[in-house]
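Student: One-letter residues, chain by chain:
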Amino acid sequence: MNRFAYARPGTLAEAAAETGLVSEAMVALSEGAVLMAGGIDLLDLLKSELVTPSLVVSLRGVPGLDAIAQDAAGNLAIGAMATLASVAEHALVRASYPALAQALAGAASPELRNVATLGGNLLQRPHCWYFRSPAHHCLRKGGGHCFAIRGESQYHAIFDNQACAIVHPSTPATALVALGADVELHDAEGAARRLPLEDFFVRPGDDLQCENALRPREVLTAVHLPRLAEGTRMAHLRQGEKTGFDWPLADVAVVLVHDPDGTCHEASVVLGAAAPVPRRARAAEQVLKGRRIDAMVAADAARAALQGATPLSRNDYKLALFEALVRRAILAAAG
Amino acid sequence: MATPTKTAITVTVNGRPRHLELEARTTLAEVLRDGLGLTGTKIACDRGACAACTVWLNGRPVCSCMMLAIDADGQAVTTIEGLAQGEALHPVQEAFIEHDALQCGFCTPGMVMSSAALLERDPHPDAGAVRDALAGHYCRCGTYPHVVAAVLAAAERKS
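Protein sequences appear in the order of chains A and B.
Counting from 1, position 44 in the first sequence corresponds to residue 44 in the numbering used here; the numbering is continuous, with no gaps.
Counting from 1, position 87 in the second sequence corresponds to residue 87 in the numbering used here; the numbering is continuous, with no gaps.
If you're looking for bench data, these hints aren't it; they were derived computationally from the structure.
One thing to keep in mind: the hints can contain errors.
Claimed, not checked - Far from chain B by the CB rule (all over 12 Å, computed), these chain A residues: (1) L42; (2) T83; (3) A229.
To be verified - Label-pair restraints from in silico Cβ distances: (4) B/L89 x A/D294: 22 to 28 Å; (5) B/C45 x A/G190: 53 to 59 Å; (6) A/S48 x B/C141: 26 to 32 Å; (7) B/K6 x A/K47: 18 to 24 Å; (8) A/K47 x B/T10: 53 to 59 Å.
Claimed, not checked - Rough simulated footprint, nothing fancy, chain A against chain B, three-plus residues with beta-carbon under 8 Å: (9) 20-27; (10) 43-57; (11) 67-75; (12) 124-135.
Using N, Cα and C, we set each Cβ at its ideal position, and we do this for glycine too.
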């Protein structure tokens, strides 16, 4: 790690004001200041010297950013500094948003979940091994091309992979997008805005060097989960090379809203580890809407979820993997 | 911007307040080993991928290599050296010995810290819960089955 100064301001405005560039996610190769939440991803980037800031601003001194609270209308707000463990263990999360609890249980290891925060998890930089390798000056780091597209692509994207083939690194994000979560962003002047998480993530076609819509001097402060409609059911499934503590090869979140007669009238199907951002499988959602879900419908939807995939030379195995996982997740959610 | 210099912090380590002066870039694992001589905490991967460096932060197991020591200012840290009560080993330590749950021993302090934390939280885990709690730990000698047996035996003994 390079030498850096350290600050632990007591308010959000001070934190935002100290950092021209904001958040763990915004600062590859920067010389400026960087915000630190739990610090798991940032320490990894610092140790590789992919980030060499002159100032690290810790958010640990800002009170209240780790709160998890339900409002009177039944929406749930999760502070960005809440640890993955505290969110996964929270009674309301487990009772009302089990797909999120399932996704969190499969993220990182118990030791890391005790420190890693939900905000930091959403703002991780990509885990593409070419991006993380100091020896590879890839497109996302300002270099000339994506090494993965013609290289070792077994953990890379099968959709939207023409320019840069990263997959989104957050597993909780798969569930949060399926649940219709918003993110809350604050700037140094105290102004706040909310954005659907789905729109917060940035595709390579829109910006090759930045994975989210945070502006300079903005801080991600909370994730908001809407109160769920009557008849909502959900599941999150993941498949890795081993059961515990590994990046998923594929993960899928499904959220369905059933009418009392058992007809599905709302469906959200999201693929993780498939594309540079969590990918809504809209064609699969269309198959499910208006149907009573059985094994045939789930199989049709799973096939639809893979329409338009453009696998690379080492990752076409993901097509069959995702198809099975989508089918199983739909059936698990439908119960 | 201030020139990076050493910062004074106080961390309660194994029940005792310790005053430290360190650079912001120092990890908790580094200061435990090099600053305080508590070399029971091991650094292997130094990236949070093997959990050999596990200590308790306010009672919860964390990877001390993936945390800046300065972020532990004012917090309570327990290391493997703080687990035994004098000469009396922790039940998890006893069980590791009885069940031959270590070979080279490099991963063992971290395994013991996570196992002991599990039993604090869940005194009667089944084998699956033990495996989940230890999912972050790597043992290149392959002692895993003995480790799971030891933790289950320690749970029996504690109850």
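Student: All hints are to be evaluated individually against the structure, with a verdict given for each.
Tutor: Evaluated hints:
| no. | hint | in the structure |
| --- | --- | --- |
| 1 | L42 | violated (9 Å) |
| 2 | T83 | violated (9 Å) |
| 3 | A229 | holds (32 Å) |
| 4 | B/L89 x A/D294: 22 to 28 Å | violated (57 Å) |
| 5 | B/C45 x A/G190: 53 to 59 Å | violated (41 Å) |
| 6 | A/S48 x B/C141: 26 to 32 Å | holds (28 Å) |
| 7 | B/K6 x A/K47: 18 to 24 Å | holds (20 Å) |
| 8 | A/K47 x B/T10: 53 to 59 Å | violated (26 Å) |
| 9 | 20-27 | holds (count 4) |
| 10 | 43-57 | holds (count 6) |
| 11 | 67-75 | holds (count 4) |
| 12 | 124-135 | holds (count 4) |
Violated hints, listed in ascending order, are 1, 2, 4, 5, 8; each of the other numbered hints is respected by the structure.
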